[in-house]
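Student: Taking the hints as your guide, dock the two standalone chains into a single complex.
Sequence lines, in order, name chains A and B. Quick note, in the working numbering, the first sequence goes up one by one and the last residue is 335. Quick note, in the working numbering, the second sequence goes up one by one and the last residue is 288.
Honestly, the hints are just simulated from the structure, not real lab data. Among the hints, a few may not be true.
Stated by the list, open to error - The calculated lysine-lysine pairs, modelled on DSS-like cross-linking and capped at a C-alpha distance of 30 Å, are:
| # | chain 1 | residue 1 | chain 2 | residue 2 |
| --- | --- | --- | --- | --- |
| 1 | B | Lys281 | A | Lys216 |
| 2 | A | Lys99 | B | Lys100 |
| 3 | A | Lys291 | B | Lys100 |
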Amino acid sequence: MTYAVELKDVSVKYGKIPALKNVSIQIAEGAFLGIIGPNGGGKTTLLKVILGLIEPEAGEINVFGHPHNQMVDRIGYVPQISNFDRDFPISVLDVVLMARLGGRVRFFHQYQKEDLKKAEAVLDQLNLLHLKDRQIGKLSGGQLQRVLIARGLAVEPEILLLDEPTANVDASSTSQIYELLKNLNQDRTIIVATHDMAAVSSYFDTLACLNEKLYHHGDKRLDQETTEQVFGCPVDLIAHGHPHHVFAPHGEEENND
Amino acid sequence: MIDAILNYQFMQNAFFAAILASTACGLIGTIIVEKKLVMLSGGIAHTSFGGIGLGYLLNIEPIYGAFGFAVAASLAIASIRRKIGTGSDTLIGMFWSLGMALGVLFIGFTPGYPPDISSYLFGDILTVRRMDVWLMAALTVFMILAISSLFNYWKAYLFDEEFLRVLGVKSSLLENFLFVMIALAIVILIRVVGIVLVIALLTAPPAAARLYTDDLKKIMGLAIIFGLIFSFSGLTFSYYYDLPSGAVIIITAALFYFGSVIIKKKNTAIQ
Chain A
79 MTYAVELKDV SVKYGKIPAL KNVSIQIAEG AFLGIIGPNG GGKTTLLKVI LGLIEPEAGE
139 INVFGHPHNQ MVDRIGYVPQ ISNFDRDFPI SVLDVVLMAR LGGRVRFFHQ YQKEDLKKAE
199 AVLDQLNLLH LKDRQIGKLS GGQLQRVLIA RGLAVEPEIL LLDEPTANVD ASSTSQIYEL
259 LKNLNQDRTI IVATHDMAAV SSYFDTLACL NEKLYHHGDK RLDQETTEQV FGCPVDLIAH
319 GHPHHVFAPH GEEENND
Chain B
18 MIDAILNYQF MQNAFFAAIL ASTACGLIGT IIVEKKLVML SGGIAHTSFG GIGLGYLLNI
78 EPIYGAFGFA VAASLAIASI RRKIGTGSDT LIGMFWSLGM ALGVLFIGFT PGYPPDISSY
138 LFGDILTVRR MDVWLMAALT VFMILAISSL FNYWKAYLFD EEFLRVLGVK SSLLENFLFV
198 MIALAIVILI RVVGIVLVIA LLTAPPAAAR LYTDDLKKIM GLAIIFGLIF SFSGLTFSYY
258 YDLPSGAVII ITAALFYFGS VIIKKKNTAI Q
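Chain B with its partners taken away, still in its complex shape (with noise of 0.2 Å):
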């Protein structure tokens, strides 16, 4: 596999690829598990499906769709969750499958034969293109310089964001930030495991790091870490014995996280 990385562009992309989500992952997975807005990213991931059908129909690319959909989406429900309170369980699932309905709607005004939307939906690392890459890529700073630079922020916004409030900072800019932040972190994932399976892979890595540490920081570091380990693990099985990458990705990191808890409970339990 090593050869096919040094010699075929497409396993480049790939390798690329899998580091740029894990990275990706590690970061934002963290903040929306410990924010409690795992479903709300759920939902915009799914909203983004209108976007990459709205691609097809106008024939621009789809993941551009993808992209406008999923910031649109993240800004609508912060501003709507802002005024009705803590209630957004049904206005996520509202957008959810509005998101779907527009997709499969779009897709289905498409002139022409229907487009194969499974790598969209289920991802598929081994057809990442170099476009792919590069998008990922400056996404994936943008993020990096984002939560770096507003560290202490993050952190005292994800613990209280209330005293941010008290202080004078201005925490509905954050919010709107961190949406944007979720949406590209959505468009970054969707290659590789695609919309249906996003969330595993924003969950699992720092799930289970939490299981290890107590620090954010290294939350950050450890669940980066166990998402390159999931993406290669993707990416190995694909290669060689032609298994969905995306599938093989999620179904290693839930079970890396199971493994985890059981492990964590009987150290504990011997303690």
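Bound-form chain A, shown alone (with noise of 0.2 Å):
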């Protein structure tokens, strides 16, 4: 069987600190999954390293069977939002065609008209096109997150991958943006790095737990032990809309002691 996503004992440095550590998965197509674990557990240099933005120093990475280099134009990618200069001149519909632009430099590259229409398909899947002429600066975080889904979407993936999608958007928009995934999930294979817990019981059909390890991959239920591993401290899995909730002494401190 070929996965959508395959990763064989892939390792990543920056330096000497490891980031990755021989961590294989593998992710069926058509998944729902959610990777949780604690920031600077290597959720975002697991995509990178899926999406070949990072050279992993061993291992192997495969997407529907093949090198993954070879398959960039499968994968939308959908960026953490805190990396955007928010002031800057351009519009969300030029956001979003910004994924038409293709895997090579052209000179005098013009968007075609199927370009502009698929664009505007898109933003109007997402409830966007009214905001199409709008600066993204004057967007709400919300917002601003269903452009950069709108733009991953545009590319026509197979697979979608997004980090932290609800790290700087309320409550509400949160659900929405769930919503939408759970929605988009059904023709396409979904990835999404968080440390948003509340959204793990609900929505993922599949989680996967990473701190440098990977230490779980199935089923959504977890029990104490494995959080505990991941998280470093006892978490609180009940905690909805509540995210990370901890109860008990850190595991780092009482080693110092």
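Tutor: Listed below in structure tokens is the structure:
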């Protein structure tokens, strides 16, 4: 069976600091996978490795059974919203059109009619069409997040990767975004990196717990033992709406005694 | 002054220099400001002083020396920056003064009377020669072509370079190209406002233009127009009152920018 994404023993180091250690994971086509773990646990790194933005030190990454760098046009990417300069003079439509640039630099490139149609269709699907001429700084956090999702979709990907899609949005936008993703999941594989524990139980099909190493992959019901390993401290799993509620001393502090 | 432009070659040169400099600073300045490369550009500009010194020492045209140094410095900064990550502040500072130091040293080695370097440091639009105008024109045309033919890519690069890489576009190529263009822009502007003042002319027009529009293309267009206003005011003052043109250009630009900010504040407060 070919998987949508398959990682074999992938390790990544930033200088001497390991970010991922021997991570192997098989993600089935059509999955709705949540990658959870603490900040700095390697979630973003894992996504960037799949996208080919970071060269792994060791290991192999396949997308639909082929080496991932041949498959870039099959993957859509929604980066963290905090990476953006919201003052940048660009309109919503232009952000989404970026996805239609293609992988090769062509001189005197102009967007074609079908590019425009595709971009507008995606914006319409996400209820953003009325905002298409607006500069991105004049959007709410939830709207900008959806614009970035629209851009990821305009690539027409079979796999959509999202990095912390609800980090900067309020609670109602959060559920709106997960409803949207659930919908999009009907015809594509979706992988979400998040530290938002509240979303865990309700939306994802499968979970992966990542903190440098991959601790768990599969069923979305987590036991206390796994989360303690991953987060380095006990995490309140039933805290719906209250992400990452810590109620016992931190593991590392105990080691320092 | 119009008579003078029609009749005297030095005024014609100044006239064309003003137009070319405004175009270059409108296009590249906008990119520099939006990509937050202002200090880096300052570093490249000051490094080019080393080239001017070397030009005097080797008895070649100083502006060619500046050209070589600026391009070499920008490519060196680009590649070192990629290796050490975002902490390029120190690196830029180092290049900044190293270039100046080399320039002073080379000029010290130059036999005979020390040359007058103030026109390179602070610019003098009335001393621009026909040869400078041709060089400026060639570089400006190249820049216009490079930016307009790849405009969609530049826009994407400025906004989200990582996404371009995800699409499979080699953004490091664009980056190197951009850095070379910054070097070219600086060479174009050296004769007009000089190494020390170049940064204000690169940043004030696009920063002011940004206050009036949210569209990248329009910012570039407006920045060129603002650049023209500043350059011609410098030319006028320096022709009639014998004031240093570089300084007048920069002061007009700065006043205009601060004025725009205040007007903009007032307008938004009323709304």
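Student: Give a verdict on every hint.
Tutor: How the hints compare with the structure:
At roughly 17 Å between alpha-carbon atoms, lysine 281 of chain B and lysine 216 of chain A fall within 30 Å of each other, so this suggested pair holds. Between lysine 99 of chain A and lysine 100 of chain B, the direct Cα distance comes to roughly 23 Å. Compliance with the 30 Å bound is thereby established for this hinted pair. This hinted pair checks out: lysine 291 of chain A and lysine 100 of chain B have alpha carbons roughly 27 Å apart, not beyond 30 Å.
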